[in-house]
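Colleague: Residue strings, one per chain:
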Amino acid sequence: MRVYLDNAATTPIDKEVLAVMFSVMEKQYGNPSSIHAHGREVRSVVELARKSVAKLLNVSPSEIFFTSGGTEADNTAIRCGIHDNGITHAITSKIEHHAVGHTLTALEKKGVIKLSYVNVDEKGNVDYNHLEELLQNNERSFVSLMHANNEIGTLLDVERVGNICEKYNALFHCDTVQTMGHYVHDLSHLKVHFVACAAHKLHGPKGIGFLYVNHKVKIKPLIYGGSQERNMRGGTENVYGIAGLAKALEIAYHEMDEHASYVQELKTYMKEQLLENFDDIEFNGETDPEKSLYTVLNVSFPESDMGDMMLFNLDINGISASGGSACSSGSNIGSHVLTGIGASPNRPSVRFSFSKMTTKEEIDYTVEKLKQIVPVAV
Amino acid sequence: MLYLDNLQIMLELPIYLDNNATTPMDPRVLEAMLPYFTNKFGNAASRNHSFGWVAEEAVDYARGQVAKIIGATEKEIIFTSGATESNNLAIKGVYEMYQQKGNHIITVVTEHKCVLDSAHHIERIGGKVTYLQVKPDGLIDLKELEDAITDKTILISVMYANNEIGVIQPVKEISAIAHKHGVLFHTDATQAVGKIPVDVIADGIDLLSFTGHKLYGPKGCGALYVRRKNPRVKVTAQIDGGGHERGMRSGTLNVPGIVGFGKACEIAMEEMASESVRLAALRDKLEKGVTVMEETYVNGNTQNRLPHVCNVSFKYVEGEGLMMAMKDLAVSSGSACTSASLEPSYVLKSLGLNDDLAHSSIRFGLGRFTTEEEVDYAIEVTKKAVTHLRELSPLWEMFKEGIDLDSIEWAEH
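Protein sequences, first through last, are from chains A and B. Numbered according to numbering that gives the first Met the number 0, the first sequence spans residues 0 to 377. Numbered according to numbering that gives the first Met the number 0, the second sequence spans residues 0 to 412.
Pulled out of the complex, with its shape left as it was, chain A reads as follows:
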């Protein structure tokens, strides 16, 4: 049995999404910037996709810019949002994705900004009072906080942060890469200026994402050249990627309630099974459904000499999980998120992440295998 429980790293593509992409690949191969029939036809594929995405998020199509993925979207929001608005102070947390954290530290190193970190508690919850304090005591700020943490799943109160930011005239960027298509984002209601998406986290293709930029904010491109994306992002459009992204988001919204409750049940079930079968199991981050991303369960296993071997042993048994973000899983440095919330470095932690394609049988199988792998099963 091969069990994929690393859906926070990437998700398998939906068959319907693939069908849309193949049809574009085979039949609509023109360059959307060309003015002949081949070009015009492909242009309409791109613009229909933009319209569809905008409608789902309740914004104007002119506020959606396609990028090569979440990382580029985050970089565009942060670099251009800061530079083009003359901002000199930024606020983030120590548990952001590297696409946010490393971009901000690069700007700090260059002397472009002063960087402050808002406190987070041991579950990864942002200290909203501290955020307000930081905003009060600094120049106009750029705030970048993620909607759901990719390693521990703790959710941010986006509405509350939006209101706080508005009070201090701060720009608010929310990295929604883990939650896009998993929750309803009514962006005309939320006071957020930038939102990022990577299609491959919601059963769409890799290599495509988008950045939402609120119409009140003006930024210049991160990547120059050509007049694509209304002069905001140069480069021939990844047309099939864009078509696939839109389809993936449409499906996600269409099936959201059903899948959210299904996946939440799986997560709750796994949590209960683990508590029942093991002594001294803890969870990193929030696990309360109200406060936690339903696709992620980060388990802290009892201290053991075999801790380093956990993921290896899981893989041998056909279970794909992760110790943290895929983007840093190559390095031997521990997870910055777990360090950021003060988790014990001696307890092995494993992130299990689910999708609509995960089954209860796979959870049962995983728990059974864990009983063999984890040395201190009851």
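Relax, there's no trap hidden among the hints.
According to the in silico footprint, chain B covers these stretches of chain A (three or more CB under 8 Å from chain B):
hint : region
1    : 8-16
2    : 32-45
3    : 100-107
4    : 195-206
5    : 218-225
6    : 232-238
Computed cross-link-like contacts, DSS-like style, restricted to lysine-lysine with a CA-CA straight-line distance of at most 27 Å:
hint : chain 1 : residue 1 : chain 2 : residue 2
7    : A       : Lys-109   : B       : Lys-127
8    : B       : Lys-112   : A       : Lys-219
9    : B       : Lys-100   : B       : Lys-179
10   : A       : Lys-14    : B       : Lys-39
11   : B       : Lys-151   : A       : Lys-109
12   : B       : Lys-233   : A       : Lys-109
13   : A       : Lys-359   : B       : Lys-39
Simulated from the structure, these hints should not be mistaken for laboratory data. The structure displayed is predicted, hence computed values, not measured ones. We put the beta carbon where it would ideally sit given N, CA and C, even for glycine.
Fit chain B to the known structure of chain A by using the hints.
Modeller: Just chain B now, kept in the frame of chain A:
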């Protein structure tokens, strides 16, 4: 079924002759990509399980294929979202990395817009840029290039082959001049790779941009070659994050796109020798076929030119009307990236063409799937369109009457 004069043919219309804008994907490429959409969907950065390893292995293999077509090594390939991003990374990344050494870069007025826009950005942030003019045949003057170098020059960026007229710059000579003065040489080889032999060692290239969708691969995936030895070149990342691509370009790798790009490079390399001969013959036939009409001119140097491109000006023909009359052909009057604007091509204008002539120019871009029947048809359509438009043109009538139009002083209304 179509009837055009005596040529009775079955063709799917419009005929795609815009392969410099983008190319249809080769079915073999799509086939190679397929499994990486479905059962091999892992994140190449997942190091803890086989889904990740399989994806990483595929990326490594493709990196080899992509490196090979330009004579580079795997570690010198940085995957990006396309040539535009590669050009941005090369120019802005070198500027940031070598700022201590100098703030001057040299490029050419006929570069692709993304190179020029990146250069404008450098100027806005305090750098200096020299834009070299080109000779009437589209090639740069090497002496002018050398004269433009100062002790503050850190980068020369000259495209390998032009996207509108196909002329191939003397890359070896340019790199020799650059290196003589200790300057890095970047080339936008988007139109050249896969069409003509490109070798970063023999050509002396330090940074090279190219992309999948111009060589029958997928859109949304390109690469920047960054030399690792003699000299070791570094660029400052323009997109930060998880430290993918040796820290020079972060973001989850587009695994299927990369696999497709690799396969496209492999096929292009295998078929280049025969394909370039086939295309050159078809291109020459097309060119000969349309230039039998009087007052037609081929733009750019025809000796040093890509095998599949020709750019022809039809004098005394109104440009927009020409495109309309040729709607059975998907052709372009310039770069796709600027074709939405009504401005005449800046590339053609820099060769010395006036606005009218630049407007009445057509780029024919042949490709792997272009057939001889299509070329025959294109010749007929073009001749018919030009002849028809000229019949309607008072300027053509005056020309035929022997009036020297250039000497007329037009009264203002």
